[in-house]
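**Q** This is what each chain is made of:
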Amino acid sequence: MRTRTPPGLQVLRTVVIADDESSMRLLVHATIESDDYCVVEAVDGAEAWAMVQKHRPALVLLDVQMPGRSGLEVLGLIKADPSLAATRVILLTAKAQETDIESGLIAGADFYLTKPFSPLDLLTRVEEALQL
Amino acid sequence: MGVQPHERDLRRGPPRRPGWSLRNYMALFMAVLLGVAALAAFAVRSMAEMDARQSAGADASFASERAAQQLKAGFDQIALVSGPLAGDPSMAIVFADPSKCHFGYAPIGAFATGHIDLVRLDGSVVCSSRKSPDTTSQIYEGQGWLVTPQPVVVAPIKDPVTGSQVVVVSYPVPGRGALAWFLDLAPIGPKLAAEFGSGVHQLEFLVTSGDGRTIVSRSIDPARWIGRNVSGFVNGSADASQPDLNGTQRLYGRSTFDPGGLRVYVGADEAAALSAADQLSNRSLAIILAGVAVMLLVTFVVYRRIAEPVRRLSLVIRASAPGDAVKAVGPTGATEVTNLAWDFDRLMATVKRELADRLSSEQKALLSERNYRLLFEGHPQPMWLYDVETLAFLEVNDAAVERYGYSPEEFLAMTIKDIRPPQDVPKFLELMAAPQPALDKTGPWRHLLKDGSVVQVLITSHSVTFGGHEARFVIAEDLTESQRLELELHQSQARAEANAELSKAKDEMVSMVSHEMRTPLASIVGFAELLVTRKVTPEQRTEYLGVMLQEGRRLTALINDFLDLRRIEGGHLTMRYAPADIKSLIKRAVALIVDPTGTPIQMRVPDDMPLVRIDGDSILRVVANLLSNACKYSPKGGGIAVGAGVVADMVEVYVRDEGLGIPADALSHVFRRFFRVDNPDRNGIKGTGLGLAICKNIVEAHGGTISVRSEGLGKGSVFAFTIPLARDASQSGDVLVVEDDAGFAHLLQAELTGLGVSSIWAADAETAERLMIKKKARAVVLDLLLPGLQGEAYLDRLRVKHGSGIPVVVVTLKDLEPAETLLLHKAGVTAILRKGPGMAETAANMIAKSLAAEQLVAG
Numbered sequence: 052m053r054t055r056t057p058p059g060l061q062v063l064r065t066v067v068i069a070d071d072e073s074s075m076r077l078l079v080h081a082t083i084e085s086d087d088y089c090v091v092e093a094v095d096g097a098e099a100w101a102m103v104q105k106h107r108p109a110l111v112l113l114d115v116q117m118p119g120r121s122g123l124e125v126l127g128l129i130k131a132d133p134s135l136a137a138t139r140v141i142l143l144t145a146k147a148q149e150t151d152i153e154s155g156l157i158a159g160a161d162f163y164l165t166k167p168f169s170p171l172d173l174l175t176r177v178e179e180a181l182q183l
Numbered sequence: 002m003g004v005q006p007h008e009r010d011l012r013r014g015p016p017r018r019p020g021w022s023l024r025n026y027m028a029l030f031m032a033v034l035l036g037v038a039a040l041a042a043f044a045v046r047s048m049a050e051m052d053a054r055q056s057a058g059a060d061a062s063f064a065s066e067r068a069a070q071q072l073k074a075g076f077d078q079i080a081l082v083s084g085p086l087a088g089d090p091s092m093a094i095v096f097a098d099p100s101k102c103h104f105g106y107a108p109i110g111a112f113a114t115g116h117i118d119l120v121r122l123d124g125s126v127v128c129s130s131r132k133s134p135d136t137t138s139q140i141y142e143g144q145g146w147l148v149t150p151q152p153v154v155v156a157p158i159k160d161p162v163t164g165s166q167v168v169v170v171s172y173p174v175p176g177r178g179a180l181a182w183f184l185d186l187a188p189i190g191p192k193l194a195a196e197f198g199s200g201v202h203q204l205e206f207l208v209t210s211g212d213g214r215t216i217v218s219r220s221i222d223p224a225r226w227i228g229r230n231v232s233g234f235v236n237g238s239a240d241a242s243q244p245d246l247n248g249t250q251r252l253y254g255r256s257t258f259d260p261g262g263l264r265v266y267v268g269a270d271e272a273a274a275l276s277a278a279d280q281l282s283n284r285s286l287a288i289i290l291a292g293v294a295v296m297l298l299v300t301f302v303v304y305r306r307i308a309e310p311v312r313r314l315s316l317v318i319r320a321s322a323p324g325d326a327v328k329a330v331g332p333t334g335a336t337e338v339t340n341l342a343w344d345f346d347r348l349m350a351t352v353k354r355e356l357a358d359r360l361s362s363e364q365k366a367l368l369s370e371r372n373y374r375l376l377f378e379g380h381p382q383p384m385w386l387y388d389v390e391t392l393a394f395l396e397v398n399d400a401a402v403e404r405y406g407y408s409p410e411e412f413l414a415m416t417i418k419d420i421r422p423p424q425d426v427p428k429f430l431e432l433m434a435a436p437q438p439a440l441d442k443t444g445p446w447r448h449l450l451k452d453g454s455v456v457q458v459l460i461t462s463h464s465v466t467f468g469g470h471e472a473r474f475v476i477a478e479d480l481t482e483s484q485r486l487e488l489e490l491h492q493s494q495a496r497a498e499a500n501a502e503l504s505k506a507k508d509e510m511v512s513m514v515s516h517e518m519r520t521p522l523a524s525i526v527g528f529a530e531l532l533v534t535r536k537v538t539p540e541q542r543t544e545y546l547g548v549m550l551q552e553g554r555r556l557t558a559l560i561n562d563f564l565d566l567r568r569i570e571g572g573h574l575t576m577r578y579a580p581a582d583i584k585s586l587i588k589r590a591v592a593l594i595v596d597p598t599g600t601p602i603q604m605r606v607p608d609d610m611p612l613v614r615i616d617g618d619s620i621l622r623v624v625a626n627l628l629s630n631a632c633k634y635s636p637k638g639g640g641i642a643v644g645a646g647v648v649a650d651m652v653e654v655y656v657r658d659e660g661l662g663i664p665a666d667a668l669s670h671v672f673r674r675f676f677r678v679d680n681p682d683r684n685g686i687k688g689t690g691l692g693l694a695i696c697k698n699i700v701e702a703h704g705g706t707i708s709v710r711s712e713g714l715g716k717g718s719v720f721a722f723t724i725p726l727a728r729d730a731s732q733s734g735d736v737l738v739v740e741d742d743a744g745f746a747h748l749l750q751a752e753l754t755g756l757g758v759s760s761i762w763a764a765d766a767e768t769a770e771r772l773m774i775k776k777k778a779r780a781v782v783l784d785l786l787l788p789g790l791q792g793e794a795y796l797d798r799l800r801v802k803h804g805s806g807i808p809v810v811v812v813t814l815k816d817l818e819p820a821e822t823l824l825l826h827k828a829g830v831t832a833i834l835r836k837g838p839g840m841a842e843t844a845a846n847m848i849a850k851s852l853a854a855e856q857l858v859a860g
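From first to last, the protein sequence lines stand for chains C and U.
Quick note on the working numbering: the first sequence kicks off at 52 and runs consecutively.
Quick note on the working numbering: the second sequence kicks off at 2 and runs consecutively.
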């Protein structure tokens with residue numbers, strides 16, 4: 052259940068969680084909490100983008116519907132920046148329609164989870180994403 | 002083409018008016034001109050003759066004076082020389098020695114010839130200016146001038162020496178003799194004539210003796226006349242001519258000169274003078290004649306160029322009928338006349354054209370009127386005209402008569418209302434009241450035929466002016482089967498579209514709701530899974546469970562709000578309106594709010610607010626919702642105020658906060674479902690996004706409006722809504738029902754109405770108190786558990802204010818202690834009933850009974 056970071060690689064990988072709902076941030080944070088990641092929280096899209104630029108995280112967990120910049124906008128910014136090519140993105144959304152899923156994936160997200168989601172699923176996706 | 006009577010009148014020519022033709026005026030002008038010219042010629046002629054005479058006479062007189070002066074001057078000169086010489090003592094020497102005498106004669110003035118002699122007293126000559134004078138004989142012996150004491154002039158005298166007529170001027174030489182001048186007279190006339198000239202008047206100079214009888218000199222033919230006696234000639238004057246010595250008619254001027262007493266006559270030749278005058282006057286006459294000739298020519302030309310063309314034009318005009326083409330009068334004539342002729346031509350041409358046009362348009366109008374009437378009357382579709390103001394029929398066609406069954410007379414006595422089924426008339430009138438478009442196509446309409454059957458028609462109408470009325474022309478088209486089908490298809494399509502829209506809205510709603518529900522669900526499910534699958538610390542467990550509870554409640558609230566909204570929007574929530582005291586309602590709303598920041602809510606509601614007519618529970622919810630929002634969106638505290646006031650005929654309630662505020666672009670959206678202001682400052686403030694939408698629906702159901710103002714982010718916001726006033730007239734009754742349960746109150750009122758008792762309802766005690774004052778209810782049904790003021794307290798106040806006479810029935814859910822029951826009985830309640838099924842009826846019966854008993858007592 053722990054991360055599969057090769058031993059000896061001491062650099063902590065940063066994960067950014069962006070969601071305007073505090074309960075969701077708490078849930079995601081609690082789910083992926085481990086010694087292997089440094090978790091940073093952002094309460095809206097603008098803060099999320101600022102955090103991404105500041106910490107250059109390995110993974111970003113983006114809520115799609117946020118005040119300010121939406122998750123899809125932040126995703127677009129990440130994909131447009133070549134220096135963030137290694138950053139993986141998982142989208143979390145309350146939107147559940149097929150077209151939404153397609154547009155999210157086309158925008159370049161690595162994974163896509165629909166609320167309500169299983170924390171265990173989330174963890175699996177996170178680990179998969181980090182191994183990509 | 003027949004000649005109209007008035008045209009014949011025109012042809013007859015101009016009426017005889019007193020007055021002259023232009024030709025007559027021209028003739029008169031010429032006659033006058035000739036007369037004046039003749040008069041002028043005569044005047045010139047006669048005046049010239051007179052002038053000639055006068056001028057000749059004056060010439061003669063002037064010349065005679067000049068001649069006399071000259072002669073006198075000669076004498077003066079002689080006197081000047083001779084006087085001193087004669088008196089000179091040396092004369093004695095000359096007399097003694099004649100050889101010492103030397104005389105010479107020089108011409109003096111007109112006296113061209115003569116001689117000077119020194120004469121002794123005996124008449125002998127001492128010496129003389131003559132050559133070889135006879136000094137021996139006493140030739141002047143006996144002459145009067147010889148012995149004279151004074152110088153003397155004697156004339157005329159025949160010179161004894163020369164035998165010619167002379168003037169003798171003698172100067173005495175005292176004691177010895179005299180110095181005598183002998184001046185020849187004969188040459189004087191020619192000399193004067195030579196000097197003064199004969200001129201045009203061919204003057205005759207004539208010198209006579211003082212008595213005028215003897216001619217001493219004459220300028221014409223002197224040899225023949227000198228010395229002649231011409232008795233009678235002296236009568237000549239300058240004004241009248243007289244024949245001269247030769248028989249020529251002359252005008253004479255006369256002068257005398259003193260020494261010698263001679264006369265000088267000067268005669269001007271009358272014939273010569275007249276002939277000169279003739280010449281002059283002839284010249285003037287020629288000028289006058291030439292002038293007259295020129296004038297005549299001009300007159301003639303003017304006549305030819307103006308009068309004649311005008312006369313001809315007049316003849317032509319007179320001869321032409323209206324509409325005739327008239328030949329131009331011709332190139333001769335003054336420009337104005339030619340223009341007049343052209344203008345007349347044009348006028349005639351225009352008249353002709355217009356006549357032709359009018360004729361044809363009259364014919365056309367006649368023809369087209371008939372055609373249009375045929376078109377209208379014979380048209381297979383019913384048509385009519387109606388007056389827009391009175392709606393009365395003005396015209397109907399045959400098809401309308403046939404289709405509707407009314408005769409034309411019946412139609413014209415009806416209005417277009419009368420062909421509508423009575424139930425359609427209100428809708429029709431409403432439509433007519435609105436301004437109608439110039440061209441309108443409406444339908445289908447139902448029209449009533451005379452036989453009572455109803456047909457469906459399509460109406461095409463447009464505005465026209467008919468006989469001065471504003472009218473509308475209508476074509477009524479029977480709805481055919483295919484049209485009906487088309488119409489139905491159209492309507493069903495519209496319905497389908499509306500349905501599609503509705504279902505789309507529903508889909509959106511479902512999508513939004515499911516979306517809103519997913520977030521709390523995600524928390525609940527997620528944390529539950531964590532709790533199940535992981536080992537967590539007790540602290541974590543508490544935290545997770547807390548979040549789950551909170552999100553679960555949020556989900557519940559969301560579902561409740563959503564269902565409420567659906568009910569209100571769908572009209573399923575029944576509003577029970579009752580008079581209410583807004584102040585007590587606001588108080589209750591404030592009491593519901595628990596502000597986490599602890600800021601007190603200020604209430605600014607005047608005491609004398611009028612009652613409002615509202616569904617109390619709903620409005621309470623609105624006020625509470627607005628207050629709760631105000632607290633929620635004032636995370637840093639700040640004042641919150643709620644107030645009310647009368648605005649126009651509504652009561653306005655407002656809630657003001659100094660919180661986060663709303664950006665301008667979001668103001669118009671805040672009442673939309675699930676709309677949340679998208680700004681990081683309100684992250685973490687949770688809500689269903691439905692509260693304001695519910696508020697809006699409730700307020701609008703009351704006939705009020707809700708609005709929001711905000712100066713922007715951070716500047717707070719003000720929500721305000723209006724609700725109607727309770728109308729006094731709308732509520733009156735014998736029984737006051739004080740009950741916060743709207744359903745039970747309603748039931749009670751229905752029971753009372755069934756017993757013939759009227760009632761009013763107050764949802765709280767505060768409202769009840771105010772209604773009691775206003776309406777003077779005769780009985781009260783009272784619930785004890787009330788919002789705000791409780792039933793018992795209200796009862797006490799009622800007794801204090803209105804006495805114990807009013808029957809009160811208590812209906813309540815409250816479990817009463819015996820002491821409480823006792824207190825109530827003490828307060829004089831008629832009965833205490835426990836709320837339950839059937840209790841409304843019981844309470845109503847009891848109230849009705851006590852009212853009847855009271856009436857008996859009163860009676």
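No lab work stands behind these hints: they were computed from the structure.
These figures come from a predicted structure and were not determined experimentally.
It cannot be assumed that every hint is accurate.
One side of the interface only, derived from the structure: several residues of chain C facing chain U at Cβ under 10 Å [as the list claims (entries may be wrong)]:
| # | residue |
| --- | --- |
| 1 | S73 |
| 2 | A131 |
| 3 | T144 |
Not close to chain C: a few residues of chain U, all C-beta gaps over 10 Å, as computed [as the list claims (entries may be wrong)]:
| # | residue |
| --- | --- |
| 4 | A39 |
| 5 | F197 |
| 6 | H516 |
| 7 | E517 |
| 8 | R519 |
| 9 | P521 |
| 10 | L522 |
| 11 | A523 |
| 12 | G527 |
| 13 | T534 |
| 14 | V548 |
| 15 | S759 |
| 16 | A794 |
Think of the CB as a built atom: it goes at the ideal place given N, C-alpha and C, for glycine as much as any other residue.
**Q** Each of the hints needs a verdict: does it hold here or not?
**A** Do the hints match the structure? See the list:
1. S73: Interface hint status for S73/C: holds (5 Å vs cutoff 10 Å).
2. A131: This interface hint is violated because 23 Å lies over the 10 Å limit.
3. T144: 8 Å, holds
4. A39: 126 Å, holds
5. F197: 145 Å, holds
6. H516: 5 Å, violated
7. E517: 8 Å, violated
8. R519: 4 Å, violated
9. P521: 8 Å, violated
10. L522: 5 Å, violated
11. A523: Its Cβ does come within 10 Å of chain C, the nearest being 4 Å, so this is violated.
12. G527: 4 Å, violated
13. T534: Contrary to the label, T534/U does not stay out of reach of chain C, its closest Cβ about 6 Å off (not over 10 Å).
14. V548: Nearest chain C Cβ is 5 Å from V548/U, so the label is violated.
15. S759: For S759/U, whose nearest Cβ neighbour in chain C is about 55 Å away, the distance exceeds 10 Å, so it holds.
16. A794: 45 Å, holds
Comparing the model with each earlier hint shows violations of hints 2, 6, 7, 8, 9, 10, 11, 12, 13 and 14; every other hint is respected.
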